[in-house]
Amino acid sequence: MNSVFNNLVIYNGYPISIAAAITFHILILVALIWVQSNNRIDSLELVQPTIVKALFIDENPQVRNRETLERQRLERLDEQRLAREAEQRRQQEEAQRQAAAEQQRQEQVRAQEREQSALLERQALERQRALEAQRNRERLQSEQEQQRQRDLAEAERRRQVEAVDRQRQQEATSAAALEAARTEFELVQSATALIQQALQQVWNRPPSARNGMRVILRIRMLPTGELLDATITQSSGDPAFDRSAENAVYSASPFTELRSLPIKVFNANFRALSLIFQPEDLLN
Amino acid sequence: MNDDLSILELVLNASPAVQFVFLILTLLSIVSWVIIVQRWLVLSSARKGVLSFEHRFWSGMDLSQLYKEGNRMQQDNMQIVGMENIFRAGFKEFMRLRQQGSVDAEAVMEGSQRAMRVAYSREEEKLESHLTFLATVGSVSPYIGLFGTVIGIMNSFLGLATQAQATLQVVAPGISEALLATAMGLFAAIPAVVAYNRYSALLDMITSAYITFTDEFSSILHRQVHSS
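Chains as they are written, first to last, in the numbering used here: chain E, 1284 to 1567; chain G, 8 to 235.
To be clear, the hints were calculated from the coordinates, so they are not data collected in a lab.
Predicted model only: the values in this text are computed from it and were never measured.
Among the clues, some could well be false.
[What the hints assert, rightly or not] Heads up, incomplete: computed chain E residues facing chain G, CB under 8 Å, no partners named: (1) Tyr1297; (2) Ala1314; (3) Ile1316.
[Said to hold, decoys possible] Some chain G residues well away from chain E (every beta-carbon gap over 12 Å; in silico): (4) Asn20; (5) Val41; (6) Leu48; (7) Val110.
Note that beta-carbon positions come from the ideal geometry of N, C-alpha and C, so glycine has one too.
Construct the entire structure; sequences and hints are all you get.
Quick look at the structure:
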């Protein structure tokens, strides 16, 4: 037994201990890498946090009225356009019918003339001069008639062209108005969304808040986005909840996003605003 | 980027300062393990030596014969450890002084005791060499790891400052790498501390056995001096 230890302790046992230490470290490294490569797949499953979002619905009566008006106006424009098209089609048909009737009449006239000439040939020559005079008169008449008809057609065509022009012009102006309305609507929408976002960030709901609670605030603002005042127009019944909504409005102000709005849009939509605060996502 | 984030890649992609810390900690860990294994061999052989020599010493064998046995072992190129060295030093001095004849009993005792004290302190020195290194590793390597962590986190936050959007993906690898430094520091420190405590207890046991043996042996010598 003594000799065994004596053999181990040659050079104070350093070679064997160095070998042991290095082997130990390499083993640990290999084990770590192996464990990691085994664990990698399932350790990366992310746990999605439950998102708590605060929603409030903006029901601005002005915006809503504006929307309905806009829709009505569009519908009216559509109707007008349809009516105009129908009228035009009817006019064209009328003109065609007139032209056809005229042609028929001319043919009849020509047939009469031929008959008359045949008759006249058979009749005496003395009446020929008078007849000729009459024929001349008739030709003159028919020419006049034709001229009148051509004039009529020309006038009709010009009237139609004018109508089309007028219609196109009207359409262009209405499209421009529509475009303006749409950009204004978009501006209002984006500003409303920004206000919503700002309010959502600062709205701290009290623990007494419940789903279905609803408080309506009426706020007045300056064009700089500063808040003049906020009054509760319809309470939720819970003073803490009402106060939290009020606090949110005050701490979110000034709404600097509103400064970039044209003053006309601001006056029409944001000078006075009704805000509805309503939590929808609470657990209880 | 998260998909193949292994420890090896973390280490390889770390910043130079943190890599330096990793290197130091790895070396410290390896060296401390070398010492742990080597001390274990030395201390356990010393303990075994104590037991076996005590057994032989109290077996009623003649002291001069025991000494001669040791001479034979030395001739066979076997190491003589611990307690036997003390015995041999004391006995050699005792015999030499006795052979001179003119010396009185107290001087003989004093001389052999001095020789045994010298041999004892040499043996003790052999046993406790490098144990302080384990203590140092145990107390310092957590600080080194912490240093690496601080540097790593500092770097990752510096990197964060240049980003427009601060996402977790930007910071996470840096912090992970930084925490790895602390982990390595602890990994080096824990075995070192455990081994240091264990070995110093063992050392106390062995040295107290040596001291006891020295006293017993000198009392035997004392008896021999005064009986003759």
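Comparing the hints with the structure gives:
Against a cut-off of 8 Å between C-beta atoms, the interface hint on Tyr1297/E holds, since the closest Cβ of chain G lies about 6 Å away. Hint status for Ala1314/E: violated, given a least beta-carbon distance of 11 Å to chain G, over 8 Å. Interface restraint check: Ile1316/E against chain G, minimum CB-CB distance 6 Å, threshold 8 Å, status holds. Listed as a non-interface residue, Asn20/G keeps its Cβ farther than 12 Å from every Cβ of chain E; the least gap is roughly 15 Å.
Annotated as non-interface, Val41/G brings its C-beta within 12 Å of a C-beta of chain E; the closest such distance is 4 Å. Distance check on Leu48/G: its Cβ comes as close as 4 Å (rounded) to a Cβ of chain E, failing to clear the 12 Å threshold; non-interface status is violated. Against the 12 Å criterion, Val110/G stays outside the reach of chain E, whose nearest CB is about 35 Å from its own CB.
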